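Visitor: Chain by chain, the residues run as shown.
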Amino acid sequence: MPFDNAPTYDKLIFELSSPGRSAYSLPEPDVDVDAARSQIPAQYLRQEPPALPEVSELDVVRHYSRLSQLNYGLDTHFYPLGSCTMKYNPKLNEDMARLPGFARLHPLTPELLAQGALRLMHELAGLLAEIAGMDAVSLQPAAGAQGELAGVLMIRAWHQANGEKRTKVLVPDSAHGTNPASTVIAGFEVIEVKSDANGEVDLGDLERHLGPDVAAFMITMPNTLGNFEPRIVEIIEMCHARGVQVYMDGANFNAILGISRPGDLGFDVCHFNLHKTFTTPHGGGGPGAGPVGVKSHLEPFLPVPVVARDDGRYRLDWKRPKSIGKLHGLWGNFGMLVRAYTYIRTMGADGLRSVSENAVLNANYVLKRLEGHYDVAAPGPCMHECVVSARRQKRLGVTAMDVAKRLLDLGFYAPSTYFPLIVEEALMIEPTETESKETLDAFCDAMIRIAQEAESNPAIIHEAPVSTPVRRLDQTKAAREPDLRWQPKP
Amino acid sequence: MRYLPNTRQNQRAMLDAIGVHSIDDLLKKIPPKARLSRPLHLPPALAEMDLIRHMRQLAATNADADETVCFLGGGAYDHYVPSPVNHLISRGEFFTAYTPYQPEASQGTLRSIYEYQTMIAELTGMDVANASIYDGASSLAEAALMAHAVTGRGEIVLAAGVNPLYRRVVATYCQGLGLRLRDVPAPEGILDRDAARRMVGGRTAALVVQSPNFYGCLEDVAAAAELTHAAGALMIVASDPANLGVLEAPGRQGADIVVGEGQGLGVPLSYGGPYLGVFAAKQEFVRRLPGRLVGATVDIDGRRGFTLTLQTREQHIRRGRATSNICTNVALCALMATVYLAILGRRGLARAGELSMAKAHYAAERLTRVPGVSLRFPAPFFKEFALRLPKAPERVVARLAREGILAGIPLKPFDRKLGDGLLVAVTEKRTREEIDRLAGALTKAVA
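If you read the sequences in order, they're chains D and A.
Here the first sequence is numbered in my numbering, starting from 38 and rising by one per residue.
Here the second sequence is numbered in my numbering, starting from 68 and rising by one per residue.
These are computed hints drawn from the structure, not numbers from a lab.
Watch out, some of these pointers could steer you wrong.
Unchecked claim - From the structure, some residues in chain A lie toward chain D, with a derived Cβ separation under 8 Å:
{"hint": "1", "residue": "Ser205"}
{"hint": "2", "residue": "Leu285"}
{"hint": "3", "residue": "Pro341"}
To be verified - Derived coverage of chain A by chain D (criterion: at least 3 residues anywhere in the stretch with Cβ under 8 Å from a Cβ of chain D; other residues may be distant):
{"hint": "4", "region": "309 to 315"}
{"hint": "5", "region": "417 to 424"}
Bear in mind that the values here come from a model prediction, so they are computed numbers and not experimental data.
Note that CB positions come from ideal geometry on N, CA and C, so glycine has one too.
Kindly produce the complete structure, drawing on both the sequences and the hints.
Guide: The following block contains the structure:
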């Protein structure tokens with residue numbers, strides 16, 4: 038939190054409202070408003086203007102500036118939120134996305150007048166295909182979960198085209214919640230595959246489930262315990278031998294850039310989270326983008342339209358009879374594509390490989406420094422993130438959540454807590470490559486201090502956080518008595 | 068490398084601490100046959116100045132809405148965005164945060180979302196709004212899935228005036244669950260109510276109507292809601308919230324779920340995304356809503372605070388039984404809309420809507436004076452309308468583009484029966500002079 042000697046700001050924009058105050062600047066009409074209004078049936082018109090706030094421009098600027106100060110963001114704090122890859126978002130990306138030719142381009146502009154945008158999309162799809170070892174990429178999915186849905190629907194369509202009706206999708210018990218959720222929307226039954234003690238896929242359990250009714254196996258690589266599945270090639274071969282397609286959840290792609298390519302390993306489909314690996318900002322929850330890459334046998338099923346190039350001209354290709362259909366209202370989150378393209382062109386091949394190497398180095402360094410103080414969920418070395426457990430601390434009455442809250446007081450955002458579900462009291466730490474050794478040392482010092490406090494002074498942890506704008510919130514009240522919108526006090 | 072702070076000395080010290088010789092030793096779990104044995108084939112890294120030059124060249128080949136006079140709509144509109152919107156959303160504390168899983172350190176994001184939920188509920192006339200979905204099309208798809216879950220019925224009936232791109236997205240989302248989609252014809256540009264009455268029945272989960280619809284026409288939502296409710300189905304209304312300073316809230320016309328594209332509320336055109344999926348519903352469906360919700364509560368000292376709530380609906384808790392698979396959404400676009408609506412406020416949104424409406428009506432009147440040009444549909448419209456042209460609209464559009472005017476959207480790719488149709492949108496940004504220029508250029512182009 039920034040230095041501030043005022044009491045913590047506690048206002049909603051509605052509470053600043055004063056009748057008659059305004060912040061807008063719109064021209065006087067140069068045409069007849071009443072004539073237009075008279076052409077619309079009265080029952081279609083609003084009787085009372087909506088009860089939006091009436092505030093000045095400075096009210097708005099100060100209010101949202103103050104609200105921003107109630108947040109930890111990556112620009113202000115180390116943000117080791119595992120599996121989210123909260124790496125630095127280069128400012129150059131923002132300038133490029135805001136060039137008028139990109140930011141102010143209407144999506145239904147005639148294609149001949151949008152060649153630069155289409156070319157950027159075509160090139161980015163090619164760059165991502167090379168990075169993943171895939172044959173084709175659709176940029177349309179708006180987020181990783183939408184990419185998953187696209188991928189699973191393509192697998193479904195492929196089986197159907199082969200005259201097969203397969204009804205189940207296998208998902209490890211360590212998977213992100215989006216995997217089963219996307220799978221169910223695609224019309225499949227989800228079957229959980231067990232992980233072994235190291236958090237790797239239990240091959241015996243996988244073998245048991247690999248029946249003729251299985252359409253796909255969906256797996257995160259590296260896995261959600263931060264490890265590269267050492268037998269991944271074998272797993273994929275096992276699946277393919279049974280006609281099962283293999284999907285890679287690309288949430289952890291940041292670990293393997295230039296090191297290993299899912300397409301080479303045999304994966305049939307993978308998605309990319311541009312907001313993780315390719316430095317588009319997370320925006321407090323989005324927007325992201327979740328392009329999906331496929332091997333050639335799945336290419337006919339990609340969502341329409343696909344950006345095509347003929348004779349040096351780029352166009353949207355809609356004539357794809359096997360396509361699963363359309364996924365995004367337009368062409369995808371183009372603004373995010375500009376940022377990711379900028380990043381890849383900034384880094385080049387060597388740069389991207391260094392990204393992953395440094396991400397791996399940083400995570401292993403954190404793991405090493407913490408292993409004497411917290412239980413380690415899986416033996417190292419890890420890839421770009423590590424999972425530790427507050428199991429030991431819990432016996433002293435300090436949970437993973439408590440550790441997280443104490444970290445907030447010590448100046449850090451918290452790791453992911455209670456994920457993956459298979460690790461008791463999990464704390465999933467992802468430092469990313471953009472953090473320096475000094476920052477990692479400060480974070481590890483804080484984690485170690487908390488482990489020591491758990492033994493000597495757990496009360497201080499239970500009190501935490503005390504330095505944040507609010508302290509621990511009553512979640513039960515929030516769920517039991519949902520208050521989801523502001524109402525004026527009577 | 069500028070985004071990678073570890074120096075060689077740092078790396079050495081860290082490797083020593085870990086107890087390995089090199090970074091490669093950390094990758095030993097990756098079997099050799101799983102490794103890439105060559106560098107990626109990517110274009111060489113560009114220095115910042117060279118990259119900027121390249122990007123400006125790419126951007127310059129696009130006809131953006133600043134360089135041209137833009138009458139394009141069809142779901143994305145060239146509305147004015149006040150300066151503070153970009154400044155405020157660019158603050159790093161908003162821009163570089165993520166989902167507020169630790170509410171104590173995320174009150175800024177949470178409070179702004181709570182404001183957003185309040186504003187959207189107010190605009191749409193609904194009880195609750197979620198914290199946003201990717202875009203208008205996926206909001207509609209989520210609404211269809213929700214109607215299916217609520218009613219247990221397997222058929223979604225859509226008015227033919229619903230944006231055809233949205234309908235394709237709904238079809239994609241519904242294919243896995245085997246939901247049947249049926250279209251009610253719109254021979255006059257709006258819902259054929261008798262046909263709708265025949266089609267909406269005991270198997271119907273929901274009737275979907277968009278108003279103003281893809282052709283710009285206003286639908287009689289109240290009448291549609293009445294026949295929908297008579298069949299025990301839900302009424303889903305797709306609506307552009309930017310119009311709701313002037314147009315009646317769908318909630319007061321009988322909607323059970325309101326969805327829409329919120330791009331017009333301060334979100335850049337950006338060639339189609341990221342946009343803002345609006346989703347609002349009646350209170351009784353609150354535990355069925357897709358996506359995130361922020362609620363007010365108190366902390367242990369009794370102070371007001373905000374937190375994500377009712378999370379047992381969401382994928383990270385409920386997994387395969389979640390109401391939706393959405394995780395990363397478009398929170399920053401929701402913040403753009405919140406700041407935009409705060410700036411325009413009670414009267415400004417109505418003023419922007421009035422200006423768009425009035426200029427669109429002026430344009431329609433002016434353009435239909437061009438010989439051979441007429442309104443395609445007789446229904447009342449708001450800020451967008453379909454014309455019938457005496458010459459192929461694609462050619463007219465191409466010709467006017469050479470004069471710096473993006474005249475509209477040819478309707479043929481969306482509906483073959485409308486081969487002579489051109490969809491024209493007019494926002495508050497267009498001036499009378501620009502409209503007159505369009506009319507003049509169109510006169511020449513069709514002569």
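Visitor: Next step is simple, just say for each hint if it's right about the structure.
Guide: These are the hints, each one checked on the structure:
no.	hint	result
1	Ser205	holds (7 Å)
2	Leu285	holds (5 Å)
3	Pro341	holds (3 Å)
4	309 to 315	holds (count 5)
5	417 to 424	holds (count 6)
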